[in-house]
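Novice: If you want the building blocks of each chain, they are given just below.
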Amino acid sequence: MLILMSWLREQVPGLPPARAVADALIRAGFEVEGVEAVGQGLTGVVVGEVLAIEEVAAKKKSVRWCQVRVAAPAAADPAVSDQDAGVRGVICGAFNFAVGDRIAVALPGAVLPGGFEITARKTYGHVSDGMICSASELGIGEDHDGIMVLPPGAPLGAHVAELLDLADDVLDIAITPDRGYALSIRGIAREAATAFGLSYADADGSVDSTDAGGAARAGAGGVADAGAGYPVTVEDTTACDRYVARVITGVDPAAATPLRWARRLSLSGMRPISAAVDVTNVIMLGLGQPLHAFDRAKLSGAIVVRRARAGERLLTLDGVDRTLDPEDLVIADDSGPIALAGVMGGASTEISASTTDIVLEAAHFDPIVVARGARRHRLFSEASRRFERGVDPALPPAAAQAAIRLFTELAGGRAEPGLTDVDHRRAPSAIRFPLSEPTRLGGRLYSDESVRGRLTDVGCLLEDDGADEGAVLVTPPSWRPDLTRPADLVEEVMRLEGYDTIPVTLPRLPAGRGLTPSQRHVRAVARALAYEGLTEVMTLPFVGAGTADLLGLPDNDRRRAAVRIANPIAEDAAYLRTTLLPGLFDAAARNIGRGDPDIALFEIGQVFREPREPARPVPTPSVLTRPSQDEVAALDAALPEQPRRVAGVLAGLREPATVLPGHAVAGSAGGGALAKGRPADWADAVEAAHAAARAVGVELTATADEHAPWHPGRCAALWVDGELVGHAGELHPRVIGAAGLPPRTVAFELGLEELFAAALRRGPVEAPVVSPYPPADRDVALVVEAAIPVTEVTAALREGAGELLESLTLFDVFEGAQIGAGRRSLAFGLRLRAIDRTLTAEEANGIRDAAVAEATRRTGAALRA
Amino acid sequence: MTETMTDPQPAAAGGPLDPASLEAAVAEALAALAAAADLTDLAAVRAAHVDGRSAALVLARQKLGSLPREDRADAGRRLNDALGAVRDAHATRLAELTAERDARVLVEERVDVTMPTRRRHAGARHPLAVLSERLVDTFVAMGYEVAEGPEVEHDWFNFEALNFYPDHPARSEHDTLFVEPAGTGRVLRTHTSPVQVRALLSRPLPVYVVAPGRTYRNDTVDATHSPVFGQLECLAVDEGITMADLRGTLEVFAAELFGTGLTTRLRPSYFPFTEPSAELDVQCFNCRGESARQPCRVCSDEGWIEAGGCGMVDPNVLRAAGIDATRYSGFAFGMGLERAAMMRHGVREIRDFVDGDVRFSLPFGIEG
Ligand SMILES: [Zn+2]
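Just so you know, the protein sequences line up as chains A and P, in that order. Reading the first sequence from the start, the letters are residues 1 to 865 in our numbering. Reading the second sequence from the start, the letters are residues 1001 to 1368 in our numbering.
Do not take every clue at face value.
Going by beta-carbon spacing under 7 Å, a handful of chain P positions derived as facing chain A [what the hints assert, rightly or not]:
| id | residue |
| --- | --- |
| 1 | A1223 |
| 2 | P1227 |
| 3 | T1242 |
| 4 | L1262 |
| 5 | L1266 |
| 6 | G1303 |
| 7 | V1354 |
Pair ranges (Cβ atoms, derived) [stated by the list, open to error]:
| id | chain 1 | residue 1 | chain 2 | residue 2 | range |
| --- | --- | --- | --- | --- | --- |
| 8 | A | P742 | P | R1359 | 16 to 22 Å |
| 9 | P | T1260 | A | P517 | 49 to 55 Å |
| 10 | P | T1263 | A | D448 | 29 to 35 Å |
| 11 | P | R1359 | A | G146 | 53 to 59 Å |
| 12 | P | L1106 | A | R694 | 36 to 42 Å |
| 13 | A | L624 | P | R1359 | 49 to 55 Å |
| 14 | P | G1365 | A | D681 | 25 to 31 Å |
| 15 | A | E799 | P | R1359 | 37 to 43 Å |
| 16 | A | R426 | P | A1182 | 33 to 39 Å |
| 17 | P | G1365 | A | A841 | 49 to 55 Å |
| 18 | A | E766 | P | T1040 | 46 to 52 Å |
From the derived model, a few chain P residues whose C-beta atoms are all more than 12 Å from chain A [said to hold, decoys possible]:
| id | residue |
| --- | --- |
| 19 | A1035 |
| 20 | A1043 |
| 21 | V1050 |
| 22 | G1065 |
| 23 | P1068 |
| 24 | L1079 |
| 25 | T1098 |
| 26 | G1240 |
| 27 | R1293 |
| 28 | R1344 |
| 29 | D1357 |
No lab work stands behind these hints: they were computed from the structure. Please read these numbers as outputs of a predicted model, since none were measured by experiment. In this text, a Cβ means the ideal position worked out from N, Cα and C, and glycines have one as well.
Between the sequences and the hints, there should be enough to build the whole structure, so can you do that?
Specialist: Written as structure tokens, this is what we have:
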């Protein structure tokens, strides 16, 4: 909302400079986003009179060589020549003025808005000693006919800036949706007056905020006294609880809007169009009441306010032919709909350059009806903006009367005596308000006096509550439909007293329990992976329909149960991720594309999977009471599964090229030996998964698996307590190709819920007993079928060795002709130790033999000869 | 020694044990020890002059038994003196040469410690995660607990229970991402405020929670917009909670986010789920409100940074959670993490948070 300070000052005399007004409004809750000074520094532009005009023919267009007098003739001294009296020649391209007109002349040295400096210059064979200005050149409006012609009485030589009172300030205010009344000079004037304790006369004295008696003026059946005013029938009196119509005749269709009003409209962000249209806009800006002017000659029959009928159409003023919805509230006459109520008028009854008789509508429409209509037709107008936020239902008669006054003044119209006022307003209801409520919620004392005073400032009527001395009955003013509860009144008191008067205290909290285990665990996992050299990303969770195919997921995979967005930002990203990998692939490809081939990324976040049972609509619980547990459970059951997961992707070098230690001496000829770096492989992905699990005290077990999108021969399923937690390994080459990733890219993904559940099951760590005795180390080399996983062999060795086995290390894997095809040799080191003695050689050998025997029994392992 | 030399010893004259011979052997040994250049030399000198079989003093010792009895004591004493002198000299030289060798080896083993030492790529947390945890910790330290909620949320939690009237613009497709199938009331939560409702329904009073999380709006990614963004929500519902408590809590929060000594300002505003409502402005940490004197990029010369929306929990929200609004009151506060991070760290484009470019995150490190 653009608020012109000069207009505001008219309503509230004595306001301080614009900046101070802006600050006070901000303090009262009106977000002033800008204070723009207009028409400032406009000097050297004076009133001149055209004395003579001479046409100068030029190549493409002709111009005029004008003699203008820019100073009053020195009457006292007739001897002084014209030249001395300030007559100068000016070239002008416009033709809309004649000899004798008074115009605005920018003299050499004048600076126009935008920093445009005027100099005398030679053009069209003359020296143009200044410039005749248009309204836009002066920054005060738009051009219609070219040069701005001033009233004949404008004193010669007077400064135009002073004459027209051009210096002004425009406040740009963002109005919150609960404060429709502030979309007007009237509403802001009340706030500004309150802020500075100034007296304030409502913009129209005839507006009685508590005028509930108006209903008596309309017939109970909603049909106005047709003899008194234009006939109006309101069929839907809930959607339109007030409809005022006035008839104005004898309007001069050629009347131009005076500069003063045109300027106000322009600076308020509205284009001056014609006197008739401009009058309705001036009233809307000033009072906040949207008006609509119908060309009476084009109306056929009575005006009816009703819902649209199926199949009805309306050509709106913006030139769009619209199919109406039965929910649309329309203004209709015998011809059908002629306006979308509260949103926009129709072309068939539009006032035109020949309109002389007008039916003026000043109505009050239901905010939600207008909001829905505007949204349904994607048609957002100044009128709908105001009705949506609430217009004062007491305004229509006063606004219509104010418009008539302005019509008469500007375009010579005359109001017919009749007034149609179909009034179905509900009587305002009072709020019982404990005077102590602001103090209870504000944390400071608000005296009864200040509470009463502030509510009165707002426009409320206060009555004592006979039953309770500490409470008042508050009737909010008609323009504040947002005030319905004590809390709303508390805000009014607090904001007008100033939020800055509220003290600073802290609540006294009971002892908190800190982070939950799983909240700590998320952090631990994230930190562990970062310390492992992975960088955390937070990618957009939207994926396309083809993502599951790109990953090569089987048909029955849960990761195909993607949640679809009804109104996606992009059709190719209409689904929510079911796995974190696609986002990581994109981020990896982006980094690689930007020149970093060594990638190690991870992400922690929710994924979304539709439950196996399709989601069904759930009855929405009331908000008037606490919902039952069943109701809440039903709401939750309608939601997708949203488990948290962690995933990572690695490509390029896992260990960077580096200088080997001990070989690099500064200045020595040998220099440093460079290690080439080590590419990431499947084991890095598995190890990253282990690092994440170890961060929460969980040791994962790997088994071979074939699981998309991983390489079928290089994919580990990761388990804990017999439950599958996730997968890790090298990605499938086809997936790598489709995702644009480098060959051999590896990845892992774990379910955090499963991991954290396992961590919770762990309980406190039981400390080991540390033996002070020396260990006995025994090495064994076992030949096994190559297909047998190492974990099976190690499990057998552990089992066979028993509790004296302290650790088991695989230190060599060998395949070759000596071993035989399809077999491999695994060399293990067994460290044996007892807590209470040094093991004898015999004991140690016995344990080793038992371990090997168990491995042989379970896996067919043979001691390597 | 000089005296000994001039003292006539006729009995031993001319033998290896006579004073002159011993003196000569000692002198020769000392000269050789002094001349040894390194430990290898010294080992050879030791064999030749100190305890080797052919060393003069070793040979002299073998002659001791053949001396007449009356001469043996004197000769023995002279021999021991001579041996002692040579052994001491050897020990001294050995220490010298060992020290020399050790010093040389250490010099030879010198490396260039300014060579790159990184054996592993660096990792980093996401700056929003780090900031979120930091702010959460501030509240947890005050006694708040962390509440959580789903990102695909039911309309009832996201709007209805938060007092959004049915036609509120935020409930339109223009602003909110809806989840199919239509009519199931599922939306991508537009703010973390539904966690308020969940916390009030699932926890006993009083409730003091902070809720960080991801939220969604129907926006395309550009420099200043993202369809996904982080929020942090704070809710306190107890007996006697006031707007003054909100102000105090906000000051703690602002100090943690932007530094101490900055003033805060509450501007009346409107949110469906708070009444009274306010916008929180924090004095610009860069120009400290002095932007009038010098242009400020951080606050665009406003002198203030908009840090979030807040207010007293609307009685309708309390009612939807079954809480008696005449007995209990509460405040709520919500802020955008991206915006805060952009201010705090001078991030130019919001898309940097979702692009996943490692170069953007690395400088933030792991602990922030
Ligand atoms: Zn600043």
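Novice: Does each hint fit the structure? Answer for all of them.
Specialist: Structure-based check of each hint:
1. A1223: violated (16 Å)
2. P1227: holds (5 Å)
3. T1242: holds (3 Å)
4. L1262: violated (13 Å)
5. L1266: holds (4 Å)
6. G1303: violated (11 Å)
7. V1354: Because about 5 Å separates V1354 of chain P from the closest Cβ in chain A, which is inside the 7 Å limit, the hint holds.
8. A:P742 with P:R1359: 16 to 22 Å: Between P742 of chain A and R1359 of chain P, where Cβ atoms are some 18 Å apart, the hint holds.
9. P:T1260 with A:P517: 49 to 55 Å: violated (33 Å)
10. P:T1263 with A:D448: 29 to 35 Å: Given about 31 Å between the Cβ atoms, the range holds.
11. P:R1359 with A:G146: 53 to 59 Å: holds (58 Å)
12. P:L1106 with A:R694: 36 to 42 Å: Once the Cβ atoms are compared, 40 Å apart, the range 36 to 42 Å for R694 of chain A and L1106 of chain P holds.
13. A:L624 with P:R1359: 49 to 55 Å: holds (53 Å)
14. P:G1365 with A:D681: 25 to 31 Å: Holds - the Cβ-Cβ distance for G1365 of chain P and D681 of chain A, about 27 Å, lies within 25 to 31 Å.
15. A:E799 with P:R1359: 37 to 43 Å: violated (50 Å)
16. A:R426 with P:A1182: 33 to 39 Å: Check passed, 35 Å falls within 33 to 39 Å.
17. P:G1365 with A:A841: 49 to 55 Å: Holds: the Cβ-Cβ distance is about 53 Å, inside 49 to 55 Å.
18. A:E766 with P:T1040: 46 to 52 Å: For T1040 of chain P against E766 of chain A, whose Cβ atoms are near 59 Å apart, the range 46 to 52 Å is violated.
19. A1035: holds (32 Å)
20. A1043: holds (29 Å)
21. V1050: holds (38 Å)
22. G1065: holds (52 Å)
23. P1068: holds (62 Å)
24. L1079: L1079 of chain P clear of chain A: closest Cβ-Cβ about 50 Å, beyond 12 Å.
25. T1098: The claim stands: T1098 of chain P keeps its Cβ more than 12 Å from every Cβ of chain A (closest is about 23 Å).
26. G1240: Nearest chain A Cβ is 8 Å from G1240 of chain P, so the label is violated.
27. R1293: holds (16 Å)
28. R1344: holds (17 Å)
29. D1357: violated (6 Å)
The structure is inconsistent with the numbered hints 1, 4, 6, 9, 15, 18, 26 and 29, although it conforms to all the rest.
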